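Asks: Can you join these two chains into the complex? Each is in its own frame, and there are hints to help.
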Amino acid sequence: MRKQECVAMLLAGGQGSRLGGLTRIRAKPAVSFCGKYRIIDFTLSNCSNSNINTVGVLIQYKPFLLNSYIGLGSAWDLDNPYGGVHILPPFLGEKAGSWYNGTANAVYQNNQFIDFYDPEYVIVLSGDHVYKMDYTLMLKFHKEKNSDITIATLEVPWEEASRFGILSVDEDKRITKFTEKPLEPSSNLASMGVYIFNWSILKQALIADAGDSQSQNDFGQNIIPQQLKQGKRVYAYKFEGYWRDVGTIESYYQANMESLRAGHFLNIFDPKFRIFSNEDILPPHFVGSTAEINNSLVCNGCIVHGKVINSILAPGVFVGKGVQIEDSILLPNVKVHDGSVIVKTIVGENAEIMRHCRIGVEGLLAPKQEGITVIEDNHLVPEGSIIEAGNNV
Amino acid sequence: MSNAIGIIYANTATDSLQGLALERPIAAVPFGGRYRILDFALSSMVNSGIRTIGLVTPHHYRPLLDHLGAGKAWFLDRKDGGLFILPGVFHGLGGNHTFCIKDLQNNMEYLDKDFAENVVISSGDQIFNINFKQALEVHDDKNADVTLIYKEMDNSGELTNEMFFDMDKDQKVSNIQDKKVPGRIKIVQPYFVNMLIIRREILSNILEKYSSIGCMDLIDILIANLEVLKIYGSPTCSLIGTIRTVKDYFDRSMDLLDLGVRGKLWLGADHIHTKIKDNPPTQYTSQAKVSNSLIASGCTIAGEVVNSIIFRGVILEQGCKIKNSIILPKCHIHANAQTDYAILDKSVKVNGENVLKGSSDHPLVVLKRTVI
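Line by line, the protein sequences give chains D and P.
Each residue of the first sequence is one higher than the last, beginning at 1 in the working numbering.
Each residue of the second sequence is one higher than the last, beginning at 1001 in the working numbering.
Mixed in with the good hints there might be a few duds.
Stated by the list, open to error - Dumping the calculated DSS-like pairs for lysine-lysine here, alpha-carbon to alpha-carbon at most 27 Å: (1) D:Lys132 / P:Lys1330; (2) P:Lys1133 / D:Lys272; (3) D:Lys272 / P:Lys1321; (4) P:Lys1169 / P:Lys1209; (5) P:Lys1264 / P:Lys1133; (6) P:Lys1079 / D:Lys272; (7) P:Lys1323 / D:Lys272; (8) D:Lys321 / P:Lys1289; (9) P:Lys1264 / D:Lys335; (10) D:Lys143 / D:Lys62; (11) P:Lys1277 / D:Lys132; (12) P:Lys1275 / D:Lys132; (13) D:Lys272 / P:Lys1264; (14) D:Lys307 / D:Lys272; (15) D:Lys307 / P:Lys1079; (16) P:Lys1264 / D:Lys321; (17) P:Lys1151 / P:Lys1079; (18) D:Lys307 / P:Lys1289; (19) P:Lys1368 / D:Lys307.
Read the hints as simulated data drawn from the structure, not as lab findings.
In this text, all values refer to a predicted model and were calculated from it rather than measured experimentally.
In isolation and in its complexed conformation, chain P is listed as follows (with noise of 0.2 Å):
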């Protein structure tokens, strides 16, 4: 038996993907040719043994569940535990937590009616391929409360809100400091990828000594805590990024064409599962043209693909030329058509000879159901 349940807050919303979170959550937007990017959370926690995962719903479920169904694919339809909904509170303007505390009292039975030790809780936005076996074994040495999950900075990537902290020789962090304190000094230095085990009691009672107060981020309660707390680190390297924006999305994506990053993510022990649609293999017709590309299954291809990634069921047909695109499932891009540094969302149909250009700074996003 796992000594920890899950929780995923798949609530988190940003104003900053554009169309692709319009009608849906982060954790529902597709991403890597068959996925979404909840399926990274929920199967780094089913391959660390957790078969008890509570997801956090935001308003617009539908995609979510439409997704999940049971949990059959992550092997939660379980008469022991499994996948629980849990509906979060409704976020008016300025609701960016990160693991809003009201989410989780409003379902503290899924925590109450639990007998383990340990809750792992994740954000739902974040690519990553994870196994949580290690950080609950440092967990377990250190006896800890709480374990915060790092990745040591780097200096490539572009990090704006995430959260430095200090620890000491025995990885016990010593000091945190919050993300809206400016002018920190860039340094290498380990940041927090919003990923945490928490003993369930403590979480509980944190839960219940917070009660009275109405929106409030469990980091800020551990910051406030972290003299009290037994709060320790455990590194990681798996993480790919998280993603807020368009370019997040264009360029984690563009990422995957990189075998180091695949190889991270999915080429490992440990496998990412998603809901499974039965299709056929891609037929790739004789005038088709393929280079560095990531193509999923039950496509038709008789065009140019180039550095882009192509998902389930895209239909390209003769002489149109994708480069440097991302084109979602069941996209029909007609002969002749053009596409460059372009997003197309679900079931786009591009009629011939159209030519759709954005930048690498800015892709171009089309809308779900377009017609160009």
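So here's chain D without its partners, still in its complex pose (with noise of 0.2 Å):
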């Protein structure tokens, strides 16, 4: 052991409900994105891209698959003898345990585990966002204002502004005000889910989190307003550079397609900061002679005879003779045999598509979700199915 300068703690515990029919079997952090990553990759890429080495993972939800993909971390070099990844799940103690009850609380029943590396600062991070994020440069300037917590902002679409947590700054960007998901937007900074605390500030204010019984032991809900009421040195860092949210199927699929674009293509792509994953070695995909791909992403071990038009094929995708697959996300391993297509569909992992079916066909009704059809991990979907745009199956 020895004694860290900055230790993250990672929230990967949430069940992610609203993505249905992905975080079925799999806890959100875990899901596949953008062909050959899980969403956790990019925050554990930002860790070991901004030399933090010593990063607590806090699991609850459906924890098996995730934990698997962790491991020991050194798919993104974060297996180091000094620190390395430590996956926390919530535990017993002397007398009780309880689950964990809000991202707080969360932190609060690990705090021995901080305590054990004795950092100055806590960076806290969630496993649900997709972003490219240097938290040395954030870190930089919590020291640089001698702030107490710091909390990564963004410039959000003034319309989209009350689905976050809103900030208002004063010239030195010391924070003023902090509503969560506020009506009537102040401002259009909103906050990232990324703060850093001096440990000695978190601490106390967790321990008198857990003493207050209405709290509801959130950092947004409570903590951030609790520490802004008693005059606390605030800041707000303002980050820029990509960030997406991908909480919901829509902006699940939008942030996919995204990448398809070439301007941002190189924006998670980009070989200077790179996303590390822990990926399967398969061999090169093959593409067949009856096949054509038109502006999508491939990955290896994917083996392709059809039609593939704008859409991202993640590993050991197979796509059989006379498919046609459309505005889509296959997720590892999917099979889609001969004469089925597909069209704005998201086909969930090791799902099996049977010859001829066809999935994302207009309906008579108006379809929910944007149109997005979602098809769960592991599903069989048998053969001539007819599936309506917008289902979840």
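Replies: Now the structure itself:
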């Protein structure tokens, strides 16, 4: 063990119920993204690229696939003898134990873990955003401002501002007001859910919060407003760069599809700030003589005999002859057999679509979720099925 | 615990691979979109439960070590066993041995230090995915001193340098025909595929006994001692081929476009491992036209690709035409350039409108980092 300057606490225990079929068997951070990645790759790669090598991953909801994916963290170069990745599930104490009850409570229950590394700073991260960020710059800002708490913020479009935690700041970037999901936002500076705390301040705040039976034990709802009220030095760090929320089917779909556009491709795949992932080593993908691939991303291990347009094929996908795939996202190891047509659909991992199915066809009613169809992980769609757009199967 | 350790001769050199083996041993030549030839021997051993592997390195070993690192991608970064680098002897002209014993005599400690009963020895210039468990079982069942891995000759491939042998009903090798004997008849007969299992102590004894002789081939010693040693054969059908010449390289690469070959090599339970580069997925633009090809990750494809193998991180601009070609990592083909029967080594840049043409018998090889 060695004293660390900054320890990261990564909140990865949420269910992500708004992703429906994609989180039925796995936690949201373990959902596949942009072909070969999983959502948590971005946060872990950010840590790695920012020289933060002690990361506590707080898990709770269906953790097996997430845990096995993270392993020792070696895929992100985080297997470090003096720190490394620690999976932190809820646990029993001498008298009692409890589930993590809110984000702040999860960190509170693991205060011993943080004390073990005796850090100056704790950075709280969430495992369900896709973004590329150098935390060292934010930490530098935190030190320069002699801040107690620093919140990473980002300018969002005004019309969307009421979906976020909105901050008002003075000219020194000190936060004057923080409102979670305001109906009438007074600014468009949104919290990204990334916080740097002085550990001494955070520890006090967590202890106070744990004693408050009215509290929901949430960072955004309770800890931050409470600390502001107490007059702590809370500053807003302005982040500029790639950041996407993938909390809903719609935003997940859009964020994936964006990567097909040339400019965005570089945003995600810029070699100077690499995103690592724990990939299986698969052979190059094979494109058959009847295949046609346009404006798409294709990963290793795929076998393509059909037509693929504006789509993303994750590793190990099979596309049979006469298949047509358009505006869709096929997650790892999906099999689509001969003659099926798939339009604007997210097909879950290991799902199998038998011959001559038609998925994402226009129905009589106006479709839900922007017309995006979702096939659940491991689902088998029988031969000749017809599934209307906007359905969740 | 596995009862075998491995030795891979990664120092086989050749003059017939033209530029491809100029700065690297055959073992380090890139193959199949994302691998190097050595990966096949290394992964086969690891998949067979062998956790201690010694690698006989050639003079030019930088590309090998660059690729291997501590052996992590093959799970060989271990406390118990792992990857061992065995510096090979510097061979002058005419050092045309398969398993030169001098290379091992210089590394006796590797053999003496271990407790394993057997040693699996393989050359590092072949494309295969063989699980040695079966051969190790044969070796144990027969209580053999040496087990030679063979393939039935099928009259399809061109065999030039192979060593044939006869076996009795019990799979015991009764006669080995030296490859140097001319005028042998072409019938269906097992031939040796440069992989064998030998008892560790017997190998140590041989190395000691022949220590006064400079460079001698282990195979020749086995032939000379055929009467004394119990030598058996064990079959395999998962050998794709040996890479010695440009034609070999080209043909074996193109074999990968065949589902049967890919099935044996890649689609079974045993995976071939290689160094991970964490490349993004390959991006196809709306102008891309690809058919019957293997494409690795991290490429950007805007041109036409037919019957070709494209390695990692290749950029093919709009209007370029890649036919029957092998494009190694990080090549950049500019707009409207064409290649046919060409092998482009790493980081070759082909400027717009150029046409590179070879033939199926003589594929054109373009050297590393050439700008055309």
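Asks: Next, verify each hint and record whether it holds.
Replies: Each hint tested on the structure:
no.: 1; hint: D:Lys132 / P:Lys1330; in the structure: 25 Å, holds
no.: 2; hint: P:Lys1133 / D:Lys272; in the structure: 43 Å, violated
no.: 3; hint: D:Lys272 / P:Lys1321; in the structure: 30 Å, violated
no.: 4; hint: P:Lys1169 / P:Lys1209; in the structure: 32 Å, violated
no.: 5; hint: P:Lys1264 / P:Lys1133; in the structure: 16 Å, holds
no.: 6; hint: P:Lys1079 / D:Lys272; in the structure: 33 Å, violated
no.: 7; hint: P:Lys1323 / D:Lys272; in the structure: 33 Å, violated
no.: 8; hint: D:Lys321 / P:Lys1289; in the structure: 16 Å, holds
no.: 9; hint: P:Lys1264 / D:Lys335; in the structure: 21 Å, holds
no.: 10; hint: D:Lys143 / D:Lys62; in the structure: 37 Å, violated
no.: 11; hint: P:Lys1277 / D:Lys132; in the structure: 19 Å, holds
no.: 12; hint: P:Lys1275 / D:Lys132; in the structure: 25 Å, holds
no.: 13; hint: D:Lys272 / P:Lys1264; in the structure: 38 Å, violated
no.: 14; hint: D:Lys307 / D:Lys272; in the structure: 33 Å, violated
no.: 15; hint: D:Lys307 / P:Lys1079; in the structure: 49 Å, violated
no.: 16; hint: P:Lys1264 / D:Lys321; in the structure: 22 Å, holds
no.: 17; hint: P:Lys1151 / P:Lys1079; in the structure: 36 Å, violated
no.: 18; hint: D:Lys307 / P:Lys1289; in the structure: 11 Å, holds
no.: 19; hint: P:Lys1368 / D:Lys307; in the structure: 35 Å, violated
Hints 2, 3, 4, 6, 7, 10, 13, 14, 15, 17 and 19 from the list above are not met by this structure, while the remaining hints are.
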